[in-house]
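Asker: Residue-level listing of the chains:
There are 2 protein chains.
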Amino acid sequence: MSETAASPPARDGDQRCRIVATAERLYREVGYLKTTVADIARELRMSPANIYRFFGAKAEITAAVTRQLMSEVETALEQIALSHGSAGERLRRMILANESMNAERYICDRKLHDMVEACFAENQPIIDQHIDRIDALLEQVIREGVAAGDFAPCDPHLAARLVHVATIRYCHPRLMLECADRPTPTSAQMMEFCLAALKAGAATERD
Amino acid sequence: MSETAASPPARDGDQRCRIVATAERLYREVGYLKTTVADIARELRMSPANIYRFFGAKAEITAAVTRQLMSEVETALEQIALSHGSAGERLRRMILANESMNAERYICDRKLHDMVEACFAENQPIIDQHIDRIDALLEQVIREGVAAGDFAPCDPHLAARLVHVATIRYCHPRLMLECADRPTPTSAQMMEFCLAALKAGAATERD
Numbered sequence: 048m049s050e051t052a053a054s055p056p057a058r059d060g061d062q063r064c065r066i067v068a069t070a071e072r073l074y075r076e077v078g079y080l081k082t083t084v085a086d087i088a089r090e091l092r093m094s095p096a097n098i099y100r101f102f103g104a105k106a107e108i109t110a111a112v113t114r115q116l117m118s119e120v121e122t123a124l125e126q127i128a129l130s131h132g133s134a135g136e137r138l139r140r141m142i143l144a145n146e147s148m149n150a151e152r153y154i155c156d157r158k159l160h161d162m163v164e165a166c167f168a169e170n171q172p173i174i175d176q177h178i179d180r181i182d183a184l185l186e187q188v189i190r191e192g193v194a195a196g197d198f199a200p201c202d203p204h205l206a207a208r209l210v211h212v213a214t215i216r217y218c219h220p221r222l223m224l225e226c227a228d229r230p231t232p233t234s235a236q237m238m239e240f241c242l243a244a245l246k247a248g249a250a251t252e253r254d
Numbered sequence: 048m049s050e051t052a053a054s055p056p057a058r059d060g061d062q063r064c065r066i067v068a069t070a071e072r073l074y075r076e077v078g079y080l081k082t083t084v085a086d087i088a089r090e091l092r093m094s095p096a097n098i099y100r101f102f103g104a105k106a107e108i109t110a111a112v113t114r115q116l117m118s119e120v121e122t123a124l125e126q127i128a129l130s131h132g133s134a135g136e137r138l139r140r141m142i143l144a145n146e147s148m149n150a151e152r153y154i155c156d157r158k159l160h161d162m163v164e165a166c167f168a169e170n171q172p173i174i175d176q177h178i179d180r181i182d183a184l185l186e187q188v189i190r191e192g193v194a195a196g197d198f199a200p201c202d203p204h205l206a207a208r209l210v211h212v213a214t215i216r217y218c219h220p221r222l223m224l225e226c227a228d229r230p231t232p233t234s235a236q237m238m239e240f241c242l243a244a245l246k247a248g249a250a251t252e253r254d
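First to last, the protein sequences are chains A and B. Add 47 to the 1-based position in the first sequence for my numbering, that's all there is to it. Add 47 to the 1-based position in the second sequence for my numbering, that's all there is to it.
Treat the hints loosely; a few may be bogus.
Any copy, or any two copies together, can satisfy a pair, since identical chains are not distinguished.
Mimicking SDA-like on lysine to any residue, the simulated pairs with C-alpha atoms at most 20 Å apart in a straight line are [to be verified]:
no., residue 1, residue 2
1, K246, A235
2, K158, F101
3, K158, A247
4, K105, L80
Since the hints were made in silico from the structure, they are not lab data.
Kindly produce the complete structure, drawing on both the sequences and the hints.
Answerer: Structure representation (C-alpha cells):
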C-alpha cells in the first residue's frame, strides 16, 4: 500500500506513539497495576502480538510512558530556560514548574504514582537521564546569571546540582507525597534561599 | 521479693529496654522481616506473653527500636548544638553527624533499612517527631548565629526548616540509598551553600 492510499497504514513510529499514549491513558483511568498488554491492544484494536513487535514486555511500555511524562517536564523547563527574564527569575519559574508538573502527574493522580514507583524500581537509567537533563538546564541558566553579574562566580555545574538537590523535596514523587503534610518551607522560599547562596557565591569548592 | 533480694526482678522499665535492645540486635543479625516476637522472647528467656505485657504487637516493638535509633541521633546532634564553636561550624558538624549516623544505621546495615521502610509506612508520628526535634536543634544554633552576627537577621524557625529540607538527601534513608551513585554534591558542599544563604539573609519571608 502506498503513502497516498485512502487509509495509509500507521508507520511504526506512529504506532509506537499510539501504544504509549493509550497505555498512559489506561494507567490513569484504570490504574497501572490493573492494565495488561491485552487491554492496551484491545483499546487500539490491534493484536497483542503487534504490541510485542515494539515492546518486549509491559515494563518496556511503562518505561516509555514514564520517559514521555518526564520529557514533557524537560521541554517545559527548557522553554523557561530559553525565555526572557533574569537568571534568578528563570530559575524560580523552572523549579516551580518542575514542582507543579510533577504534582499534577504523580501526586494528584495516584494511579500514575503507582506506575512511577514501579518504574523507579526498575529503570534507574531513565531517572538518571531525567536528573541530568534538568541539571544541564539549570547549569545553563546559572552560567548566564554569572555572566550577567547576577550571581557570584561559581562552578555552574556544581551550583546546578546544589539547587536541584536542595529542591528535591519539591520534585521527587515519593518525597512530595511523604511531605504533603509539611507545606513549609515552600518551594518559593527554598528558591529564595538558593538564590541568596548563588548571589553570595557558595558553589565554588570542588571538595 | 524485695529490692534487696539476691536476684531482684528486672523492673518493668528495664524489661522494656531489654526487649527493645534484643529486638534491635535480632533485626540487625537475622533481619527485620525474619524476626518474630517468639524469637525475641526466646533470646530473653521469657514467654511471648511477657513481651505482650509491654508491646501489643511486633509493630510496636519496631516503633520503639526506631524511636531508640532516632533518639541516639538527636542526642548526638544536641551535644554538638551545645558545644563550643561558631554557629556555622556547629551546623556543619550537625549535618555531617546526621548523615554519618543515618548511613551507619540504615544504609550500611541493609537489614535495618528494611525495618525503617516498614516503620516509615506505619509510624509517621515517630518520623514527624524526629524531624521536629532536629529542626528545633538547628533553629537554636541559627538563632545564636544571628545573635552573634554570623548570620543575617532571619526567621530562625524557617531557616532551620530550609537547612533541613535542603539536606534531606543526606539524612532520609531511602533517598540516601537512591542517591548512592551520585556522590556529589557532598553534604559538606551543600552546607557551604546553606551557610552562604544564611549569611546573606534569605530566610526572612513568610511567603
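Asker: Which of the listed hints are broken here?
Answerer: 2, 3
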